[in-house]
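What follows is the residue order along each chain.
There are 2 protein chains.
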Amino acid sequence: MEDQHIRNAGLKVTVPRMKILELLEKSGQRHVSAEDVYKMLLEAGEEIGLATVYRVLTQFEAAGLVERNNFEGGYSVFELNRGQHHDHIVCVLCGKVAEFYDETIEKRQQKIAEKYDFEIGDHSLTIYGHCLNADACAKRNEKV
Amino acid sequence: MEDQHIRNAGLKVTVPRMKILELLEKSGQRHVSAEDVYKMLLEAGEEIGLATVYRVLTQFEAAGLVERNNFEGGYSVFELNRGQHHDHIVCVLCGKVAEFYDETIEKRQQKIAEKYDFEIGDHSLTIYGHCLNADACAKRNEKV
DNA sequence: CAATAGATGAGAAGCTTTCGCATTCGGAGT
DNA sequence: ACTCCGAATGCGAAAGCTTCTCATCTATTG
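Protein sequences, first through last, are from chains A and B. Count the first sequence with our numbering and you get residues 1 to 144, in order. Count the second sequence with our numbering and you get residues 145 to 288, in order.
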């Protein structure tokens, strides 16, 4: 159950925390921002403050429940930590994110980290590019 | 000459633009923020506005003169585009940045991009980790 | 050297995120 | 169930980075 995850993190099981965790589970592979979470919960009729969303997401991150990614755009996005490590490829134009796992890159990455005296943490590698899927990207191009 | 670079970008050759470009050249491999540039120029006795620094850096980026990186920390850092492609490994604690180039990763990266219908642009890949160099990182740990 | 389109600086404003504080709530012990 | 205390919440204020507005100034062209 979700409440155990929260309890294990040393946090009290509260309505906002449960709702946020449920929402992240429902979001699947989608990467949501704090604002997204806030708005979705408001629309779902929940009474919640934006500050709480930020606080809870930060706590969940510290507890390893969620992962935070700072892609281009000036804000953070979050996704549930499902235990299976993966990296991201992000479109710098439309913000689209795909997840991938590549053993070769994983190994080379490790070598490079050693060489430069780094230790790789959880979320570690992001490829930036432009996605060629016209739908999403075209829209952004017009705005920019 | 630097002024030709600016001219080629379709921009007027002005004092602020020249000073910013010179400063980036002097900064070498260091990754500087807009605020850094602003303060350095002020200290050097230049009369310049922060808004101008942001504007010029954005224009230089669009012109391919500089590269912008959004590492963790909530702000952008810039470096001169020297034509030689490289990627970054960044310490999420102290912000230290190292540059590297790895042919193997470069190829795999390309494959992954194709697979997910992406096109890789200029600055494309960032590895995040913790640097093990006690000096810099220890300082940040105290603050956090 | 004059005209004009473009660039600048200063401050206001925008956006994401954090902080401070009074109020409310979860959960351990009775 | 009841009480109590520390923890959590929501709100508004505030902080940090970045962009916008606009009046003034400047680089370029003829």
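Heads up, some of the hints might be wrong.
To be verified - Calculated lysine-lysine pairs in the DSSO-like style (CA-CA distance at most 30 Å, straight line):
(1) 111(A) <-> 259(B)
(2) 170(B) <-> 115(A)
(3) 12(A) <-> 39(A)
Said to hold, decoys possible - Have a look at the derived ranges for each label pair, beta carbon to beta carbon:
(4) 154(B) <-> 99(A): 37 to 45 Å
(5) 44(A) <-> 213(B): 16 to 24 Å
(6) 154(B) <-> 107(A): 50 to 58 Å
(7) 50(A) <-> 177(B): 23 to 31 Å
Read the hints as simulated data drawn from the structure, not as lab findings. Think of the CB as a built atom: it goes at the ideal place given N, C-alpha and C, for glycine as much as any other residue.
Status of each hint after checking the structure:
no.	hint	verdict
1	111(A) <-> 259(B)	holds, 25 Å
2	170(B) <-> 115(A)	holds, 26 Å
3	12(A) <-> 39(A)	holds, 23 Å
4	154(B) <-> 99(A): 37 to 45 Å	holds, 39 Å
5	44(A) <-> 213(B): 16 to 24 Å	violated, 37 Å
6	154(B) <-> 107(A): 50 to 58 Å	violated, 44 Å
7	50(A) <-> 177(B): 23 to 31 Å	holds, 27 Å
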